[in-house]
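A.B. asks: Residue numbering for the sequence shown is 2 to 159, as defined by my numbering.
Keep in mind that a hint or two might mislead.
Quick list of in silico lysine-lysine cross-link-like pairs, BS3-like style, CA-CA up to 30 Å [what the hints assert, rightly or not]:
| id | residue 1 | residue 2 |
| --- | --- | --- |
| 1 | 129 | 144 |
| 2 | 144 | 25 |
| 3 | 133 | 25 |
If you are wondering where the hints come from, they were derived from the structure by calculation, not from laboratory data. Note that the structure is a prediction, hence the values are computed from the model and not measured.
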Amino acid sequence: MSKQNDTTLLAERQERSNPLFDPKALTRFIAESDDLIFVKSSRQAIWLFPNGQLVQPNEKDDQERTVCHYAIKYYFRYIGIENGLKIEQENRHIFNNLVTKGVGVVNLVPETKAALKGDNQDLTEQQKEFLKINKYKLYSYVKNHPITANYLARAAKI
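Model the full structure from these sequences, guided by the hints.
C.D. replies: Here's what the structure looks like:
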């Protein structure tokens, strides 16, 4: 994080589920990306956000989809975490915890109907409903830790 104010602001949101999720930041992130789009269907979606929004790659190429799964690191810039790329490169566990427990993203694999989440990730009603209706099977892929002011400060030092 570039400023102490950013850490303080984010820490103030820790009282709610998915404290790093900001729908306006998500909208800006997707609008400014050439590679990602919002969709209504789950056929190619790679992410399910807490508000039920689905995101997929602009291209339908499987290799492109794999690359796009990692593009979530750029979302963090839109919420004041400037070192998202560095966190992803240097500490994948902290990065995945920020994605799942912080932002609340569920990673989707439509071909296998697998939904990847954190072990203590708080799913919203919209996410639960989508996963149930579309018959996704949930798998935990990261051990979650609470998103606290200290945790965010530690991530900011990476």
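A.B. asks: All hints are to be evaluated individually against the structure, with a verdict given for each.
C.D. replies: Taking the hints in turn, this is what the structure says about them:
1. For the proposed pair residue 129 and residue 144, the alpha carbon gap of about 20 Å is at most 30 Å, so the pair holds.
2. Straight-line distance between C-alpha atoms of residue 144 and residue 25 comes to about 28 Å, which keeps the hinted pair within the 30 Å bound.
3. For the hint pairing residue 133 with residue 25, the CA-to-CA distance comes to about 26 Å; that is within 30 Å, so the pair holds.
Against the hints set out earlier in the document, no violation occurs for any number.
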